[in-house]
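Trainee: Taken in order, these protein sequences are the chains called S and B. At position 118 of the first sequence the residue is numbered 118 (the numbering used here), and the sequence of numbers has no breaks. At position 192 of the second sequence the residue is numbered 192 (the numbering used here), and the sequence of numbers has no breaks.
Just so you know, the hints here were simulated from the structure itself, not pulled from any lab data. Any given hint could turn out to be false.
[As the list claims (entries may be wrong)] Computed list of lysine-lysine pairs in DSBU-like fashion (alpha-carbon distance at most 35 Å, straight line): (1) 185/S to 11/B; (2) 293/B to 268/B; (3) 335/S to 268/B; (4) 205/B to 153/S; (5) 205/S to 185/S; (6) 205/B to 335/S; (7) 181/B to 268/S; (8) 287/B to 107/B; (9) 205/B to 335/B; (10) 3/S to 86/S; (11) 48/S to 429/S; (12) 558/S to 107/S; (13) 262/B to 335/S; (14) 335/B to 268/S; (15) 335/S to 153/B; (16) 335/S to 127/B; (17) 268/B to 293/S; (18) 181/B to 262/S; (19) 335/S to 185/B; (20) 127/S to 335/S; (21) 185/S to 262/B; (22) 185/S to 78/B; (23) 473/S to 498/S; (24) 335/B to 205/S; (25) 287/S to 116/S; (26) 293/S to 262/B; (27) 335/B to 181/S; (28) 181/S to 262/B; (29) 262/B to 205/S; (30) 153/S to 268/B; (31) 78/B to 11/B; (32) 293/S to 335/B; (33) 262/S to 11/B; (34) 205/B to 268/S; (35) 11/B to 268/S; (36) 268/B to 205/S; (37) 335/B to 262/S; (38) 335/S to 293/B.
2 protein chains.
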Amino acid sequence: MVKIKFILENKEIYVPRGENLLEAARKSGVIIDAPCNGNLSCGKCKVKIIDGKVDTKKSHHITDEEWNEDYVLACNSKVVEDITVKVPRETFAFMKDVKIDDLSNQKDREIFERAKRQVLNNGMEFKSYVRKDYLEVDTPTLDDNISDWDRIKRHLRNHLGYTHVFCRLPMLRRIPQILRKSDFKVTITHIPRGNGRTTIVNMEKGDTSSRLFGVAIDIGTTSVSACLVDLYNGELLSKASSGNAQIKYGADVINRIIFSTKGDGLEKLNQAIIHETINPLLTKMFKSAQVDKDEVIAFVAAGNTTMAHLLLGVYPDYLRREPYIPAFLRAPFIKASELGIDVNPETFLYIVPSVASYVGGDITAGVLSSGIWASDKNVLFIDLGTNGEIVFGNKDFLMTCACSAGPAFEGGEISCGMRATNGAIDTIKISDKTYEPQFTVIGDENPIGICGSGIIDLISEMMFCGIIDRRGKLNRDLDTHRIRFDEHGMGEYIVVFKDEYELSKDITINEVDIDNFIRAKGAIYSGASVLLSSLGMDFSMLDKVYIAGGIGNSLNIKNSIAIGMLPDIDEDKFMYIGNSSLMGCYLTLMSEDGRHKLEEIANHITYVELSVYSSYMDEFVSACFLPHTNMEKFPTVKQLLKE
Amino acid sequence: MVKIKFILENKEIYVPRGENLLEAARKSGVIIDAPCNGNLSCGKCKVKIIDGKVDTKKSHHITDEEWNEDYVLACNSKVVEDITVKVPRETFAFMKDVKIDDLSNQKDREIFERAKRQVLNNGMEFKSYVRKDYLEVDTPTLDDNISDWDRIKRHLRNHLGYTHVFCRLPMLRRIPQILRKSDFKVTITHIPRGNGRTTIVNMEKGDTSSRLFGVAIDIGTTSVSACLVDLYNGELLSKASSGNAQIKYGADVINRIIFSTKGDGLEKLNQAIIHETINPLLTKMFKSAQVDKDEVIAFVAAGNTTMAHLLLGVYPDYLRREPYIPAFLRAPFIKASELGIDVNPETFLYIVPSVASYVGGDITAGVLSSGIWASDKNVLFIDLGTNGEIVFGNKDFLMTCACSAGPAFEGGEISCGMRATNGAIDTIKISDKTYEPQFTVIGDENPIGICGSGIIDLISEMMFCGIIDRRGKLNRDLDTHRIRFDEHGMGEYIVVFKDEYELSKDITINEVDIDNFIRAKGAIYSGASVLLSSLGMDFSMLDKVYIAGGIGNSLNIKNSIAIGMLPDIDEDKFMYIGNSSLMGCYLTLMSEDGRHKLEEIANHITYVELSVYSSYMDEFVSACFLPHTNMEKFPTVKQLLKE
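Turn these sequences into a full structure, and let the hints guide you.
Mentor: See the structure below:
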């Protein structure tokens, strides 16, 4: 056996000589980002060997300078003696940390208020399906000696009109002692079902009827976002996000599904989302809002169809095998605690229904909060997630399709990419004279990476400055220290030199990153284009375009058009609506009417399979250009490039 | 640390020097019967020290002969050096072993058929609430790519008319693979609820629709009995009984409740009934009938109110504290697997509702299977259990009371007592010339103890032969080797000398045993008497008396009257109806109508608290005689004694 010490994490593990370093890190709980799951293609699992040697080979992901500083790819290294390893901060900053959002952010508040209006302005009310009531129950005597449970039922019948009251065993077990500890003055949490029926799901000592909380959560392939809500008034008490810890097993749903079929892969993925992602996120939110986990009694989650399968631990492999069959679109009745989610054991977990194998509940929820379903205008809705999904429609019809974009919009598979949270460069300008960048960082912190909106700006600016050509290749003839090439000839543009902010490496974008991003934006553009043309329409007929996803509030529409991610139509038609899935979960949590509308949306939306359109592949290839092979589709960009 | 070796069980355990031997045995999983839970009163935990010495004291439960042979009370012994211990076969035979009943026993069959008629002859049908259906589901294609779950729902809607189909997560998780392993030909088990609604609880490969099984179980304070049933036709496939492993923590409900309040006592009691009693019982039954546990999909249990609390792990202490409040009478919806009961994870456990703190679901079930509720005659129903419960009534009304009899009827707190199973002496005659006994043994095996019916015969015969007087004291003047006295002057009658059957000790009944039994029968008689007189009635007004309980099929009515357990009325009015609680569970399992009737019984039966009648204590004292202090109440016995 040999010893590995992870210096930053302060963890030690003994492994058999010859163990793969990435595997060893996973076993010890040290998270190393490895979107390609160890097949040498992404280069993200770069670590520094501080002490000792590993059996490794140099790859094109390692620069000469890095090689000299003992950087290796963990996936490509065997541990042959005792070593000390440093996992660079940037490697996991992207994914691991839970970030609590600043609730006072004005743009976030506007997005939130807009989402609320989609329910409140459309004749639906905010009313949670969970209630609390404070009871002063008669104390038992020899003459009034009915059982504790019958006593509670009698009280509810006589005072609140419930004729059929239910509970489950864990609740029953707590009743005798709670009643007596509180002198028969208790607050019940219950779920009325009409016709005098209700189910008691919690009982607390004394009067706690003012405290009733719920959680809404969006489970993305790359990022997970959640908010904690006061169920009485809908107030946001905390909002947070983190990476999806499943990333270490694969960057996209296909890689995850493949991983799920191997050994205990499904269990590992299930544990990763619940115990390594959701629970740490909840813990931080509850702490920040001073809410006890047992006070959280409603829970709504949305994710793509694969995420829903992995969340429930349902074997997803048939999703990726023809004829692409999900086990379910609508999840059964389930308690969050059945999955190990750390809230009140009786909390019901509502999972937003999916539409198809590759259009999940996140889109159903997104459609709800976007308000397309109530619009008399033609709206295009684009969710810039790892699974890029597109919805087109209005109050009369809804069509949807999926185009696998990959994780680039959330910073995945981009060497310095990260989520749109504190430390992320979110806007960039480059001088066309000096090629020097100017940027802003979310939270006004030191930069540690670049989020989606920053990458869009960066690519657009580089194009306009002539740093890259329309294929995304770096100009080899420019005289600037911002551009360099490695021994394989791959070029990169340096946004931040490491010495400027004491980083362990420069923040750069290289040609592979640019290529990844171009393919992501190409998938979105071509998907939208084919969806519309399948209806005999084109972009000119759009009245509104809603952009959703974790790309960042600072999304620059002009630049998004410039790189050909969005169609070249009037800028005023676009609106960034943030994490529309999370907002849809919030509305479902707060409003039973909202939930009914959601179910109706899931039932009525029509799924369009892009791959059956022969034009799709051509469209995609044409869109993998900046902005497009056919410049006539982007007249304003053509004009700008001329200038 | 010192080592204890249990020679018969082939177990070794290391304990700290000074450890109590009974505690050490419990820790090592060796069961030593200790109904008084170690307070030196019952003398049941007698063990033989084969090797080594313990720190102990002689008690009146240990004879001089036993003392010389190194018998000690485990509860009264400290382990101070390495020892080897033999736990006498008789000590645990009484309680531990699971016995499979002989289904061909004619008397058992008659009792069973009689119980069935109570439902079938009263306009109710045998129809289980669980169904199985074999489905040949359409296989998915690219054109028909709905989810697995939607596919099953579609099939059930189109072929069986179910419009609302539900399942729970564990079921959902199994669907994708079962469907594909079976080529989409599966058998579902489901629970229809009317109005097109049903819940799928199991799915099996291929056509298994002919196999659908259920379990009925009676959980007594002393004994537990169960049967495995074919839910299609009600056929009994196996029937078995065992002791309630909770006995080691106390013989009666009060001692168990006290134990439950100490440390993890409640958990221990819950584990004892589920993992040490019910699961071993099920395992043996399933094996004997060649049924897989996953095929068992319905489960009905009955027990007294305390047993129901301990089964569910609900704190029972308020049952024994004024004003004697149970946590519940009706249990919530629960799955057997939630408790760790080893059947199909989706099997619903129906617990028969209790009537009051000391009249449990076993009585509700007993009333159902006895048929009192349908009778136009006045019926007295006596359940000879540890909690002796009595019901009086007819089709118009039902009254009930409880009189704590103790475990004597099932052989508890009787030194050679045991359940009415193989090896139990069940009938005894004694020659009034030679005082020699003649007896029969259940299963024609060698005798190992005496069951309730045998003890009744024994006491009655000893009384008529003049071996004991009417207080139950042995005649000191008889010249027979069958009677002996220890150094404290306590007498005993020897039914079987140990050498006759290679037993480790004689099978005897002593004056303490007789006294225990007299108090038990006195509690029953006086309880029935007070219940009737509270209605202004007496025994002469009875048309029928049903005797239920584990006392044994060979119950001799004449002898039961002779000792004053039953009232001195026409013998033809009595009928032994066996374990009426188990039969009631069986009927509930087989018939939804039966279950509704059961609920009706639980709702309408009136509980009478005997302790509020000032006459009760006098009646009890008078009944603690053979047959009674007032011989005028027993004219036929008076006549026989004269003869």
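Trainee: Given the hinted pair residue 181/B and residue 268/S, is their alpha-carbon gap at most 35 Å?
Mentor: Holds, because 24 Å separates the two Cα atoms, which is no more than 35 Å.
Trainee: Is residue 335/B close enough to residue 205/S, meaning Cα to Cα at most 35 Å?
Mentor: The hint holds at about 28 Å.
Trainee: What's the verdict on residue 335/S and residue 293/B, does the C-alpha distance respect the 35 Å limit or exceed it?
Mentor: Given pair residue 335/S, residue 293/B holds - Cα atoms ~26 Å apart, limit 35 Å.
Trainee: Can the restraint linking residue 335/B and residue 268/S be considered satisfied, given a maximum Cα separation of 35 Å?
Mentor: 27 Å, holds
Trainee: Within a Cα-Cα threshold of 35 Å, do residue 205/B and residue 268/S meet the stated pairing?
Mentor: Holds - the C-alpha atoms of residue 268/S and residue 205/B are around 27 Å apart, at most 35 Å.
Trainee: Does residue 335/B lie within 35 Å of residue 205/B when you go C-alpha to C-alpha?
Mentor: 23 Å, holds
Trainee: Against the 35 Å threshold, does the CA-CA distance of residue 293/B and residue 268/B hold or violate the hint?
Mentor: OK: residue 293/B and residue 268/B at ~24 Å, within 35 Å.
Trainee: Quickly compare the C-alpha distance for residue 78/B and residue 11/B to 35 Å and report which way the hint goes.
Mentor: 18 Å, holds
Trainee: Keeping to a limit of 35 Å between CA atoms, is the pair of residue 262/S and residue 11/B held or broken?
Mentor: Measuring from Cα to Cα gives roughly 42 Å; hence the hint is violated.
Trainee: CA of residue 335/B to CA of residue 262/S, is that 35 Å or under?
Mentor: With Cα atoms ~32 Å apart, residue 335/B and residue 262/S stay inside 35 Å; holds.
Trainee: If you draw a straight line from the CA of residue 293/S to the CA of residue 262/B, is it 35 Å or shorter?
Mentor: 29 Å, holds
Trainee: Starting from residue 48/S, check that the Cα of residue 429/S is at most 35 Å away, please.
Mentor: 32 Å, holds
Violated hints, in rising order: 1, 4, 22, 33 and 35; the structure is consistent with all others.
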